[in-house]
Amino acid sequence: MNTLVPAIGFGIVTASILAVAGVGFTLQFGVTNILNLAYGDIMTAAAFVAYLVTGAGFSVWLALAAGAAFGSVFSILLNRFLYTPFVRRGTRLFGIIIVTIAVSLILQNSLLAVFGASFFSLQMPRPASVHIAGMVFTTVQLAIIGIAIVAMLLIHLLLRYTKLGKAMRATATDPELARNCGIATDRVIDLAWAISGALCGLAGVILVMNVTSFTDTTGAQFLIPIIAVAVLGGIGQPYGAMLGALVIGIASELAAAVISPDYKNVVAFVILVIVLLARPQGILSEIATRKEVAA
Amino acid sequence: MSVAWQFYISTVLVYLGVDVMACWGLNLQFGVAGLVNFAFIIFQAAGAYTAAVLTLGPATKGGFQQYLGGAHWPFPLPILAAGVVGGLLAVLVGSFAIRRLRRDYEAMVMLVVSLIATSIATNQVGLVNGPNGLALVPKPLATMVNLSPIGYQWLFVGITALICLCVYWLVHIVTSSPLGRTLRAIRDNEQAAAALGKNVTGLRMLAFVLGGVIAGVSGAILVEFISAWSPGSWLYPETFVYFTAVIVGGSGNNLGVMVGALLVPVAFLEATRFVPQFGPPGFIDALQWIIVGVLALVFLWFWPRGVIPERRRRFPPTTQSEARQPLTSTRTGR
Numbered sequence: 000m001n002t003l004v005p006a007i008g009f010g011i012v013t014a015s016i017l018a019v020a021g022v023g024f025t026l027q028f029g030v031t032n033i034l035n036l037a038y039g040d041i042m043t044a045a046a047f048v049a050y051l052v053t054g055a056g057f058s059v060w061l062a063l064a065a066g067a068a069f070g071s072v073f074s075i076l077l078n079r080f081l082y083t084p085f086v087r088r089g090t091r092l093f094g095i096i097i098v099t100i101a102v103s104l105i106l107q108n109s110l111l112a113v114f115g116a117s118f119f120s121l122q123m124p125r126p127a128s129v130h131i132a133g134m135v136f137t138t139v140q141l142a143i144i145g146i147a148i149v150a151m152l153l154i155h156l157l158l159r160y161t162k163l164g165k166a167m168r169a170t171a172t173d174p175e176l177a178r179n180c181g182i183a184t185d186r187v188i189d190l191a192w193a194i195s196g197a198l199c200g201l202a203g204v205i206l207v208m209n210v211t212s213f214t215d216t217t218g219a220q221f222l223i224p225i226i227a228v229a230v231l232g233g234i235g236q237p238y239g240a241m242l243g244a245l246v247i248g249i250a251s252e253l254a255a256a257v258i259s260p261d262y263k264n265v266v267a268f269v270i271l272v273i274v275l276l277a278r279p280q281g282i283l284s285e286i287a288t289r290k291e292v293a294a
Numbered sequence: 000m001s002v003a004w005q006f007y008i009s010t011v012l013v014y015l016g017v018d019v020m021a022c023w024g025l026n027l028q029f030g031v032a033g034l035v036n037f038a039f040i041i042f043q044a045a046g047a048y049t050a051a052v053l054t055l056g057p058a059t060k061g062g063f064q065q066y067l068g069g070a071h072w073p074f075p076l077p078i079l080a081a082g083v084v085g086g087l088l089a090v091l092v093g094s095f096a097i098r099r100l101r102r103d104y105e106a107m108v109m110l111v112v113s114l115i116a117t118s119i120a121t122n123q124v125g126l127v128n129g130p131n132g133l134a135l136v137p138k139p140l141a142t143m144v145n146l147s148p149i150g151y152q153w154l155f156v157g158i159t160a161l162i163c164l165c166v167y168w169l170v171h172i173v174t175s176s177p178l179g180r181t182l183r184a185i186r187d188n189e190q191a192a193a194a195l196g197k198n199v200t201g202l203r204m205l206a207f208v209l210g211g212v213i214a215g216v217s218g219a220i221l222v223e224f225i226s227a228w229s230p231g232s233w234l235y236p237e238t239f240v241y242f243t244a245v246i247v248g249g250s251g252n253n254l255g256v257m258v259g260a261l262l263v264p265v266a267f268l269e270a271t272r273f274v275p276q277f278g279p280p281g282f283i284d285a286l287q288w289i290i291v292g293v294l295a296l297v298f299l300w301f302w303p304r305g306v307i308p309e310r311r312r313r314f315p316p317t318t319q320s321e322a323r324q325p326l327t328s329t330r331t332g333r
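Chains as they are written, first to last, in numbering that gives the first Met the number 0: chain A, 0 to 294; chain B, 0 to 333.
Because the hints were derived from the structure by calculation, they are not lab data.
Treat each hint with caution, since some may be false.
Here are the computed distance ranges between Cβ atoms for each label pair [what the hints assert, rightly or not]:
#	chain 1	residue 1	chain 2	residue 2	range
1	A	Leu51	B	Asn198	53 to 59 Å
2	A	Ala193	B	Ile290	28 to 34 Å
3	B	Gly281	A	Thr161	42 to 48 Å
4	A	Leu51	B	Leu67	20 to 26 Å
Partner residues aside, some chain B positions facing chain A, computed with beta carbon under 7 Å [claimed, not checked]:
#	residue
5	Ile115
6	Leu234
7	Phe239
Ideal Cβ placement from N, Cα and C applies to all residues, glycine included.
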């Protein structure tokens, strides 16, 4: 018992990071229909932006904003100048996947070439510990949970109560029908890249806030639980991803506490396999059965 | 030719043979059947590991390396076993990854398989000796034939060439048979193939397993040649080199893919051996990966069908009315 309760605490922190990253990943896929395997590396790049900002003596809050802004701008540019031209040129579905993984490698190795093969950490004031119901959090971890809750609330308000959110959901369900209804789908797609890019950048920074050190492959490694979250939630389903993040975050930290920390990602992987075998459309599936999964 | 050059050239030839085989295997999966197998390198690694432990002999307690199994099998058996293991692993991975899902789902799952396999291999020391991997794998036939080191090198080149021929024969009969035609049809239009009563999932699985077998064999030859194996040399970016080779050479065309293997993993990565090192350690490697990535993008943009494109297959019209619209089975657009 005394190892399980703190593990749930860690699980909530991991779930918070996963929720931000997973919602961004799944939103982007749902609206734009491009599986962006460079997502993890954009997270790493945002973490390096934050590293530079804190290294220059600015606060972590500014680093968070800078990371999110970088993710957003980079994603828009990537889509505008690389992915969309390839799609327009008629590159087929698996051609686009190769394009995104090429971008992933280029980005990861550019970071390696610029920053070198070494371990990095953000400069932050030493956090204090807070005890809540048997769980121990650092103030940084509490901030991460807070950031995730605010981000998820904003996404919820955006999707449910704004015209843009409605247009996004419509584009995700059926882009052609949405266009015929007078929705400027190109603009909606641009905005989807901007929003998911911001979430990606934010996730990259909070991911490295929570660990002692990071390298050029940190984001790429984090792609395992992100993909598990996205598939568990039903790909293209932001609410599913939120739920998936909670399940995988807590399950993987419990496994880390009970078995061994090496099993964190293995748990995410096992959940992924079970979902693929039993319910490939994900736990929350409104449109997934028809559109996303059917081959 | 000096002995040093002979050594170098024979080594490069063995690498070329391994890469060509691997590219044929990947081409069967990706070029012919449209399977985006980002975990390809894992099947190669599994085959290599199998061949290594079956040559090393039983692991001794307290020895400097731990591994599963272990036997002293005579020469061709470890390589055959590697093929079997590659195929079995493909059955296992395919059982959850190859279902009637979107192709990008599949690619994503394969990438996760590749990442997770590396992390398990590195963390579970008892399984494959952790990050250190295996070393001192005895060379096949080395004790039986009495050859100078350089003579042995050329013998190995011969063995590799022979196995290459067998693999070519396999991929050739698959791609030129009705089976190959069905696989291409599934790649180009899955719904249509299913509507014609083809077992889409089963046939894709078959291509996946055959590719896995070839990957296993190619890995086995590599490990028997270099006598060492470690998880760190089988990371997912290595798969991308093969993908780039297949795309550059001409995906779907066995001959093109061979040229691709000659151009990308061999010519391109070997050439950097002669470039003077500059910058901090790891800088040249990073640049290499960046250039491979850019190469893939450039080819997908300008020559998406590769140096030697897949042949457009035309079938003779059977009736008068069909004569005006010849049927083609290959992709028409880019």
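Flag every earlier hint the structure violates by its number, smallest first. 4 and 6
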